[in-house]
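Model the placement of chain B on the given structure of chain A, informed by the hints.
So the protein lines, in turn, are chains A and B. 0 is the number of the first residue of the first sequence in numbering that gives the first Met the number 0; add one for each residue after it. 0 is the number of the first residue of the second sequence in numbering that gives the first Met the number 0; add one for each residue after it.
In case anyone wonders, no lab produced these hints; they're calculated from the structure. Bear in mind that the values here come from a model prediction, so they are computed numbers and not experimental data. Wrong hints could be hidden among the right ones.
Unchecked claim - Which residues of chain B face chain A? A few of them, derived with a C-beta cut under 8 Å, are:
id : residue
1  : Thr30
2  : Trp34
3  : Phe36
4  : Tyr56
5  : Leu73
6  : Ala75
7  : Pro234
8  : Leu238
9  : Arg241
Said to hold, decoys possible - Simulated restraints on C-beta separations:
id : chain 1 : residue 1 : chain 2 : residue 2 : range
10 : B       : His18     : A       : Asp31     : 34 to 42 Å
11 : B       : Gly141    : A       : Leu36     : 42 to 50 Å
12 : A       : Ser86     : B       : Gly182    : 46 to 54 Å
13 : B       : Arg130    : A       : Asp31     : 27 to 35 Å
14 : B       : Gly193    : A       : Ile79     : 29 to 37 Å
15 : A       : Ser72     : B       : Glu156    : 41 to 49 Å
16 : A       : Pro33     : B       : Ala147    : 28 to 36 Å
17 : B       : Gly205    : A       : Ser86     : 54 to 62 Å
18 : B       : Lys145    : A       : His3      : 32 to 40 Å
19 : B       : Glu23     : A       : Pro35     : 45 to 53 Å
Claimed, not checked - Pulled from the structure, derived: some chain B residues nowhere near chain A, Cβ distances all over 12 Å:
id : residue
20 : Thr52
21 : Trp203
22 : Glu216
Glycine residues also receive a C-beta, built at the ideal position from the N, C-alpha and C atoms.
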Amino acid sequence: MSEHIVQPRVYITIFLALMLGTALTVMAAFRDFPGPLNVIVALTIAVVKATLVILYFMHVRYSPRLIWLVIGSALFWLAIMFALTISDYWTRTWLPPL
Amino acid sequence: MPEGLATTHEGSHSALQHHFENMEQQREAGTLGMWVFLVTEIMFFGALFLAYTIYRYQYPAAFASASNHLDIRLGAINTAVLIVSSFTMAMAVYSTQVGKQRNTIICLILTMILGATFLGIKAVEYRDKYRDNLIPGQLIPGHPFKPAVARPGDTDEHKLHLVEGATVHNVELFYWIYFAMTGLHALHMIIGIGIMLVLTVMAWRGRFGPAYHAPVEISGLYWHFVDIVWIFLFPLLYLLGRHLEGHLG
Numbered sequence: 000m001s002e003h004i005v006q007p008r009v010y011i012t013i014f015l016a017l018m019l020g021t022a023l024t025v026m027a028a029f030r031d032f033p034g035p036l037n038v039i040v041a042l043t044i045a046v047v048k049a050t051l052v053i054l055y056f057m058h059v060r061y062s063p064r065l066i067w068l069v070i071g072s073a074l075f076w077l078a079i080m081f082a083l084t085i086s087d088y089w090t091r092t093w094l095p096p097l
Numbered sequence: 000m001p002e003g004l005a006t007t008h009e010g011s012h013s014a015l016q017h018h019f020e021n022m023e024q025q026r027e028a029g030t031l032g033m034w035v036f037l038v039t040e041i042m043f044f045g046a047l048f049l050a051y052t053i054y055r056y057q058y059p060a061a062f063a064s065a066s067n068h069l070d071i072r073l074g075a076i077n078t079a080v081l082i083v084s085s086f087t088m089a090m091a092v093y094s095t096q097v098g099k100q101r102n103t104i105i106c107l108i109l110t111m112i113l114g115a116t117f118l119g120i121k122a123v124e125y126r127d128k129y130r131d132n133l134i135p136g137q138l139i140p141g142h143p144f145k146p147a148v149a150r151p152g153d154t155d156e157h158k159l160h161l162v163e164g165a166t167v168h169n170v171e172l173f174y175w176i177y178f179a180m181t182g183l184h185a186l187h188m189i190i191g192i193g194i195m196l197v198l199t200v201m202a203w204r205g206r207f208g209p210a211y212h213a214p215v216e217i218s219g220l221y222w223h224f225v226d227i228v229w230i231f232l233f234p235l236l237y238l239l240g241r242h243l244e245g246h247l248g
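Just chain A, same shape as in the assembly (with noise of 0.2 Å):
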């Protein structure tokens, strides 16, 4: 597989994209929305940034399918470890104490 040049223009667009997210997500901070969607705009702002740095940025869009392979179960074995302890703490107060 032979290598591909990610061109100035990309690099150029994905910066403007970061520079708006990050200004997005302040804006959003200084406003009330109701319930956790504050939390969960937030971390969708950051979610969309990460994603176009690994995917522009990191060339992993133009990567082989190993590399893919690779990232993918570094998310798999985070979500395994955040899954499972967080099911654990929300759910201690779920029976009273003995």
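The following block gives chain B in isolation, referenced to the frame of chain A:
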């Protein structure tokens, strides 16, 4: 080349190691190796993000009080500085790929300057926390965690404004997490600047070009990863504290 004696590469690039077939294979192996390292970094920072999540869930009021004491302006400026540095890093990779040595050096130096700017702003924030006695535990001997707590109606920004239900002790927990996460992030930045310095010297000596730029590329992966960590740290530490009150219900 005789069969079974693939230890010399006549006429190939001088940077090609003997255990690789060609530069392409060597570059891809390097990229994979860097990603495997970044996986360990993801798990490493992931555990800290998990600790943040658990304690924020348990002590929302204290986390809101502590987070509101952080300077959103400085945090936002630092986010922008890091994004610009990721852009200059990406341009450094592009410049080596197309063989523009001068541009590579300029981009690498810009990346280092921006990284140093980030650390400078971070130092200002740390100094402010020191002044307000918000360094947790006995991290600095003789300077314990002892913030002045604001009474209702007091608008002094240097004092700690506790949301109802928050205790100073749990605010201290937030600051442990804050200093652990931003401190480790800053350490990664310092290492990153050191790597950029080495790359700049190598670029200066004309080591890189369209045929050989793997070191710039995989160092770029590291730099972008550190940027991603901050992309999550900024909203979680600085921004979300403003809204934890809504969760108490």
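Here is how each hint holds up against the structure:
no.: 1; hint: Thr30; in the structure: holds (7 Å)
no.: 2; hint: Trp34; in the structure: holds (5 Å)
no.: 3; hint: Phe36; in the structure: violated (10 Å)
no.: 4; hint: Tyr56; in the structure: holds (7 Å)
no.: 5; hint: Leu73; in the structure: violated (12 Å)
no.: 6; hint: Ala75; in the structure: holds (5 Å)
no.: 7; hint: Pro234; in the structure: holds (4 Å)
no.: 8; hint: Leu238; in the structure: holds (4 Å)
no.: 9; hint: Arg241; in the structure: holds (6 Å)
no.: 10; hint: B:His18 / A:Asp31: 34 to 42 Å; in the structure: violated (59 Å)
no.: 11; hint: B:Gly141 / A:Leu36: 42 to 50 Å; in the structure: holds (44 Å)
no.: 12; hint: A:Ser86 / B:Gly182: 46 to 54 Å; in the structure: violated (30 Å)
no.: 13; hint: B:Arg130 / A:Asp31: 27 to 35 Å; in the structure: holds (30 Å)
no.: 14; hint: B:Gly193 / A:Ile79: 29 to 37 Å; in the structure: holds (34 Å)
no.: 15; hint: A:Ser72 / B:Glu156: 41 to 49 Å; in the structure: holds (45 Å)
no.: 16; hint: A:Pro33 / B:Ala147: 28 to 36 Å; in the structure: holds (34 Å)
no.: 17; hint: B:Gly205 / A:Ser86: 54 to 62 Å; in the structure: holds (56 Å)
no.: 18; hint: B:Lys145 / A:His3: 32 to 40 Å; in the structure: violated (56 Å)
no.: 19; hint: B:Glu23 / A:Pro35: 45 to 53 Å; in the structure: holds (48 Å)
no.: 20; hint: Thr52; in the structure: violated (7 Å)
no.: 21; hint: Trp203; in the structure: holds (22 Å)
no.: 22; hint: Glu216; in the structure: violated (8 Å)
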